[in-house]
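Peer 1: This is what each chain is made of:
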Amino acid sequence: DAKTTQPPSMDCAEGRAANLPCNHSTISGNEYVYWYRQIHSQGPQYIIHGLKNNETNEMASLIITEDRKSSTLILPHATLRDTAVYYCIVKSNTGKLIFGQGTTLQVKP
Amino acid sequence: DVKVTQSSRYLVKRTGEKVFLECVQDMDHENMFWYRQDPGLGLRLIYFSYDVKMKEKGDIPEGYSVSREKKERFSLILESASTNQTSMYLCASIQGSGSSREQFFGPGTRLTVL
Numbered sequence: 001d002a003k004t005t006q007p008p009s010m011d012c013a014e015g016r017a018a019n020l021p022c023n024h025s026t027i028s029g030n031e032y033v034y035w036y037r038q039i040h041s042q043g044p045q046y047i048i049h050g051l052k053n054n055e056t057n058e059m060a061s062l063i064i065t066e067d068r069k070s071s072t073l074i075l076p077h078a079t080l081r082d083t084a085v086y087y088c089i090v091k092s093n094t095g096k097l098i099f100g101q102g103t104t105l106q107v108k109p
Numbered sequence: 001d002v003k004v005t006q007s008s009r010y011l012v013k014r015t016g017e018k019v020f021l022e023c024v025q026d027m028d029h030e031n032m033f034w035y036r037q038d039p040g041l042g043l044r045l046i047y048f049s050y051d052v053k054m055k056e057k058g059d060i061p062e063g064y065s066v067s068r069e070k071k072e073r074f075s076l077i078l079e080s081a082s083t084n085q086t087s088m089y090l091c092a093s094i095q096g097s098g099s100s101r102e103q104f105f106g107p108g109t110r111l112t113v114l
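From first to last, the protein sequence lines are chains A and B. Just so we're aligned: the first sequence equals residues 1 to 109 in the numbering used here. Just so we're aligned: the second sequence equals residues 1 to 114 in the numbering used here.
Bound conformation, chain B alone (with noise of 0.2 Å):
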């Protein structure tokens, strides 16, 4: 069975601290993607990586940053998290670009930034 995993659902930093989020997926998945969810605004993709060591901007970079040094791991950083940076984070993954294969996501995590 299919899997991505995300290190925490639930998460509670405070201002100013350094956070990393951790999604792992055991399909060997090249193309690895960051949302974040908000009531009223949808899904909005911050970072997604398609390959090893490579990364592309989503909609919403600003205060984030990704690393992704093995294929089966995407981290999101939040270098100094901020109180609008409070919200529901989705790891997916996919099979290759131009594929017209399903993304599959994990089970999110609720951070809370105090």
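Just chain A, same shape as in the assembly (with noise of 0.2 Å):
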């Protein structure tokens, strides 16, 4: 199963963009990179996902590079709320999702 590779934390100012990266070079043709959040006390929360093409959904967008090594989670205009834990995620065949350690999102007023 590929594994994923985050930066620990990041800070983002209220109403700006907050752009969290993810390396994950070693994933396969067929897997599919997840994007979920948790914030504290609950259960992990679906954001987005992809296989190839960039995404976009009303959460947040989902770049992922040609080669399919890395991607960038977009969140066009982050509000205090979206102070969380954002995990990057490759998907196996299997269904199930390898975690990462995830990026504490930090939005500062």
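To be clear, the hints were calculated from the coordinates, so they are not data collected in a lab. Don't be surprised by glycine CBs; every beta carbon is placed ideally from N, CA and C. Some clues are possibly wrong.
Quick list of the computed label-pair ranges, beta carbon to beta carbon [as the list claims (entries may be wrong)]:
1. A:Asn-19 <-> B:Glu-17: 42 to 52 Å
2. B:Glu-17 <-> A:Pro-109: 37 to 47 Å
3. B:Thr-86 <-> A:Thr-5: 25 to 35 Å
4. B:Asp-59 <-> A:Gln-42: 15 to 25 Å
5. A:Lys-108 <-> B:Lys-53: 45 to 55 Å
6. A:Leu-51 <-> B:Gly-40: 27 to 37 Å
7. B:Glu-17 <-> A:Gly-29: 40 to 50 Å
Each of the two chains sits in its own frame; use the hints to bring them together as a complex.
Peer 2: The following block contains the structure:
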């Protein structure tokens, strides 16, 4: 199973875009990249996922490099409620998600 | 609204006790998972099941067993609880294998073993 590497923490000003990077250099061709976030004392919440193309939904955008070895989650206008731990995950064919350490995003007023 | 529920939010047990953590999903999902989450270690997969009565070991199965007698229910069992099993336990489910669909998580059970 592919592994992911993320910076342990990041800060972002409220109202600005938060760009969270992730490396997954060992990803295989049919493995999806998923992003979840976890707010304290809650279960992980799905944000977005992608395979090759960039994706956008109401929560975020996902930019995947052409070689698929890295990706960036973009929260276009971060709010204080976006403060959480963000996990970049590669999903194996069996459906299991391998979580890395995650990035603690602190949105500051 | 999809839902994964866990039997307890908080649980306190003593060393050597047998502990059952129950997880129920109402989405008719085939695959179910048990993770534990510890500070600095993230979420680690304990066991998963892709069908009734089927189970697969995850990354840290030692000290745990599981039971999947019905599709909607996946139980995690600590045969003899130890203090190093104090952790947050998260159950999750997903429809099918190789699917791109999201995995749904329960609210978690915070287990303390004294």
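Peer 1: Can you give the numbers of the hints that this structure goes against, from lowest to highest?
Peer 2: none
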